[in-house]
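4 protein chains.
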Amino acid sequence: MIKVAIIGASGYTGAELIRLLAPREDVKIVLATSKTYAGRTASGLYPNLTGPGDVEFSVYRGPEDAASADLAFVALPHGQSMETVAGLVTRGLKVIDLSGDFRLPDEAVYTAWYGVPHTQTELLKSAVYGLPEINKAAIAGASLVSNPGCYPTSAILALAPAIASHMIYSQDIIIDSISGVSGAGRTATETTHFCVRADNLTAYKVGGLHQHIPEIELYLAILGDDEVKISFTPHLGPYSRGIYTTIYADLANDLTPEEAHNLYADYYTGSIFVKIVAPGEMPELKAVLGSNGCHIGVTVDERTGRLIVVSALDNLVKGASGQAVQNMNIMFGLPEDTGLKELGVYP
Amino acid sequence: MIKVAIIGASGYTGAELIRLLAPREDVKIVLATSKTYAGRTASGLYPNLTGPGDVEFSVYRGPEDAASADLAFVALPHGQSMETVAGLVTRGLKVIDLSGDFRLPDEAVYTAWYGVPHTQTELLKSAVYGLPEINKAAIAGASLVSNPGCYPTSAILALAPAIASHMIYSQDIIIDSISGVSGAGRTATETTHFCVRADNLTAYKVGGLHQHIPEIELYLAILGDDEVKISFTPHLGPYSRGIYTTIYADLANDLTPEEAHNLYADYYTGSIFVKIVAPGEMPELKAVLGSNGCHIGVTVDERTGRLIVVSALDNLVKGASGQAVQNMNIMFGLPEDTGLKELGVYP
Amino acid sequence: MIKVAIIGASGYTGAELIRLLAPREDVKIVLATSKTYAGRTASGLYPNLTGPGDVEFSVYRGPEDAASADLAFVALPHGQSMETVAGLVTRGLKVIDLSGDFRLPDEAVYTAWYGVPHTQTELLKSAVYGLPEINKAAIAGASLVSNPGCYPTSAILALAPAIASHMIYSQDIIIDSISGVSGAGRTATETTHFCVRADNLTAYKVGGLHQHIPEIELYLAILGDDEVKISFTPHLGPYSRGIYTTIYADLANDLTPEEAHNLYADYYTGSIFVKIVAPGEMPELKAVLGSNGCHIGVTVDERTGRLIVVSALDNLVKGASGQAVQNMNIMFGLPEDTGLKELGVYP
Amino acid sequence: MIKVAIIGASGYTGAELIRLLAPREDVKIVLATSKTYAGRTASGLYPNLTGPGDVEFSVYRGPEDAASADLAFVALPHGQSMETVAGLVTRGLKVIDLSGDFRLPDEAVYTAWYGVPHTQTELLKSAVYGLPEINKAAIAGASLVSNPGCYPTSAILALAPAIASHMIYSQDIIIDSISGVSGAGRTATETTHFCVRADNLTAYKVGGLHQHIPEIELYLAILGDDEVKISFTPHLGPYSRGIYTTIYADLANDLTPEEAHNLYADYYTGSIFVKIVAPGEMPELKAVLGSNGCHIGVTVDERTGRLIVVSALDNLVKGASGQAVQNMNIMFGLPEDTGLKELGVYP
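Protein chains in written order, with the numbering used here: chain D, 83 to 429; chain W, 83 to 429; chain C, 83 to 429; chain F, 83 to 429.
Chain D on its own, in the form it takes in the complex (with noise of 0.2 angstroms):
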């Protein structure tokens, strides 16, 4: 039995955590905290999670509240994570960080993208990063790993396999992501209200604005060995969950479909959440909605001699909480599917 703790557990990640967490018979959430909704019930936030899982969020007042788990998810605001995870590393809890706090091992780049500086430095500097397809035995062995952002998650796995061989010109790619309204978390915003959200769409960030960029950047140029630069543009999209993201890069030799869908099966062989599709086919993104799946297509613009990805996968979960259970699978030597078979729900 594994005993968890989620710190911010009424945000969407965290319901998340408790909806992938609460079935599972070898799992035991012992403290669930919100500092908004302490004394209520996941279920009455969400009516989803009601069931013999439920739980009642308490407030976190430190590190002693989480004693008897082995483990804390940190699904806290960034800026405000980066304390909080200290505090449970410090007791000897391991711990996932849902955060960005713990993504850029650079304070300086970290405070330049998220505007706030970092309290935090030696430990950052332990950080794993936790995306299992390309680190799964770091994980394996980690304290404290920091899982990747909803975004990185899609881009980084369309190009690992394109970084990683060389394929493409690392410093001239575009990434053009489009997220479902639950990325933009619960909080009732003009943003979110569903009479704007309904049947629209709109650009955000744009310019190489969005805090998403160096995490991509740094993660595909340590697969890469070699600096990656990138344009990426998010968007909102009309429907709850998902990130589908297409991507453009300028092939460095001649490569044929065929080719680039044989190299990027190849890659993923062994990575039960990825599918690469058949070639000539492209995701879709409802095949993975509420599963930990990432689908991927390749294909190459022959005309114009570039490749182009696209990937999809669910945010809350492939994106964020399905992950973070994935590295607990990976951290306790459990099978890394274990709590996470369940397939999309489509149609």
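Note that these hints are calculated values from the structure, not bench results.
Mixed in with the good hints, there may be bad ones.
Stated by the list, open to error - Here are the computed lysine to any residue pairs in the SDA-like style, where the Cα-Cα straight-line distance is at most 20 angstroms:
1) 423(D) with 136(W)
2) 287(W) with 310(C)
3) 423(D) with 420(W)
The structure presented is a predicted model; accordingly, all values stated were derived computationally and were not measured.
Start from chain D and add chains W, C and F according to the hints.
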């Protein structure tokens, strides 16, 4: 290991059976048939079904094709199902029929509402109605279970406590339901075109025309040992999954909302898939999407002396394939929720 | 040139008035007020309102601000509207009030349902109910028109022919309505969050609690010269605009579906915004989106002796601002459909 | 009074022509043809088209059927349009062709991308490309206007200022577009089924395969007097109407976001349907739904030296039928926005 056959596996209820059964380690799909899509894989039609549990469709030639199976799910259209079911029962398999063919034990009533003669009138009498919350013991011992319709599941679960307790007049009931488009099936028609259904609502078969009417009336009449008469209006709503049903019935005696709530909560004690929501609240459809739950809210309109009940379920899960799996679990002596613990995918 | 003021112009009904009036060459918006958004333009809040008819919001200080106007639309929340309306009427303007403040002539009934006292009881008695299809002559001569509620418009239009002809028992009527999220207004709340509403349905104020109940009962009672009693259940549906209402009433005498259809078609001869759909068909909500139309289908459930009527309208147009413009046209002697000829945006 | 014929009136673009033209008092639809639905009314297929402007479809037998018309809109599929257009032009009618048949003046290019030979090569040379914002004078004098494709309208309007000013390298442009499902037409297919499209996104014809590519490249090349080369990826999004296009191009010289914005705003001074949104903002798709507007946002990614442009339009209005009506207005010397003043239906 339970070995199952799915006859008619390429429609929505067939695909949903695969979604629910493929991840199970105690169940093996040994046969999945489709006339139209023989030779194709399930994941070729439904991209969510990719993975180790994927199956290839074959043509169904006769019960000998299912010889190695312990149980067959028959997910054929009404009228086409009865012969196939008979063949499988004769062969000695347990059968769960998801069509309407074995729901109405009186063949004359069947023909009046379904428009075709019934060719298996003996077998018809022996079929057990597969609504576990009111019929579990009979299901446990059945050879042939007739899986309820989606609308009847939503209506009977919402009315059972009131009818069984004689709280309401049973011949003056209004049932108003809104179904997701998946209820209209996989066939592409003008009615199921995205541009027609998006942002749209349409009532259909208005005026007592829907074939689920006699099914609802019959099983409620048995429960209350009294004639039941309903006006039922189905609507198609702008979403894929789910049935939301609002019911109006004249109270036989004065009753407060709290009394009604308590009576409902008591009735469903021990029914793990039914949740009576808190007094003063009403169900959210989305809370049950992808899950086998049925959420019910009940109150009293004291101005007019009416009981008002609202139920929400996923038409493809509790309204069809999840309920069929629940029935299978019961027939094989498993815990009722084996493989059905998945919580609704919300938000 | 009709000069109009819009008091409370930044909410959904205010913005819809601008959408309908800005393109007109015979109308000029001389004042558009908003406490919260003073200094901003309409197009800054509603990007569709860009163009030559764009207006800048100002703070409303009193009726003198509207001195140059011939007519004022008051689109303030109930309770806040009555004083403002009184000031404008006193100043000599024609006024169309879109709130609930002048719909219930009996102040005790108003207070019982709206929870606030009425401070303008004299004026209350003189207000004319602005449902043109049943009250056109009075509207033509009115100084103060009280624009109907969205649900009442959908219910009264659907029931008027039946009530006026005494075809049904008037004290046993069920009204079941589904509204788009815009009916909940512009304020961002947990309830209006996209992720909560998408793919969702929720009944609310169930059990005779909605403040539109006495309005529906009153104006139908006047039409039929007999008491009317309804059970009314509103729902929020997963779309922005539109109300779809299904009504059940016991027939006083036998009637065929055709007879019912003919009686309805006759009743609305000359009502250009009401369409009775063909016998055997039912309205599609989407057919009226963006338009001032109300589509109605009517049939008889011969098994149970019930009349069933279904109506569809756009809650922001025929259910609010379009109807207000229709009233303005009538008050100024213009053809009723001036500026309202736009057809529904379908598909 | 302009008398118009609509050949192929029962598809989505035909129905949208009726929606826009039926309410006009200066236009009369004298012929509306449909092979499949002859004898039925427009409102029978599209319930929004009910009203005094409703039309009955007839079979098109030849240009003599349109003898009384001044202008014919031809809304047939590509390949089927060219002969019909030729017949009508020969007969002396002005013609606006909404298919792709007359957009590519080089017959070899046409055949390469559309897969059929061109039988009207003389006429092909005389057709005028009907994008009024860049070609108004030629349209005014044209007999045959070739109405642009939906994607090309969104892409060319978004790129015209940049190409005309040589602000960007023209051979390295990425165009990423998301279309509503109505772009796939009225035919019910697996792809257009509601349950497949809802909450879904799919890229299609990826890798330089879409027939709109040469159209975009050609008309931009003319504008910039230089070769243009694009990678274009279309996607289907989960909504009925609208195209949202995000474009990436390498800047030829340094440029600030403000300079880019000003250059765009200047370019479209006087183009009443094009709105350049405020600096720092990006268009919302919903702002233009139902309207003939095209909203454009432009900025610079200074990290990577790229211009990023985003455009939004309604594919059935500015992307097809609204633009056709705009062309008709120009051809008949009317104000460009006659009958096209309707603002977007938002929220």
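Here's how the hints hold up against the structure:
1. Between the alpha carbons of residue 423(D) and residue 136(W) the distance comes to roughly 13 angstroms, so the proposed pair stays at or under 20 angstroms and holds.
2. As the CA atoms of residue 287(W) and residue 310(C) are separated by approximately 28 angstroms, the hinted pair breaks the 20 angstroms bound.
3. Pair hint residue 423(D) plus residue 420(W) holds up; C-alpha atoms about 14 angstroms apart against a cutoff of 20 angstroms.
Going through the hint list in order, the structure does not satisfy hint 2, though it satisfies all others.
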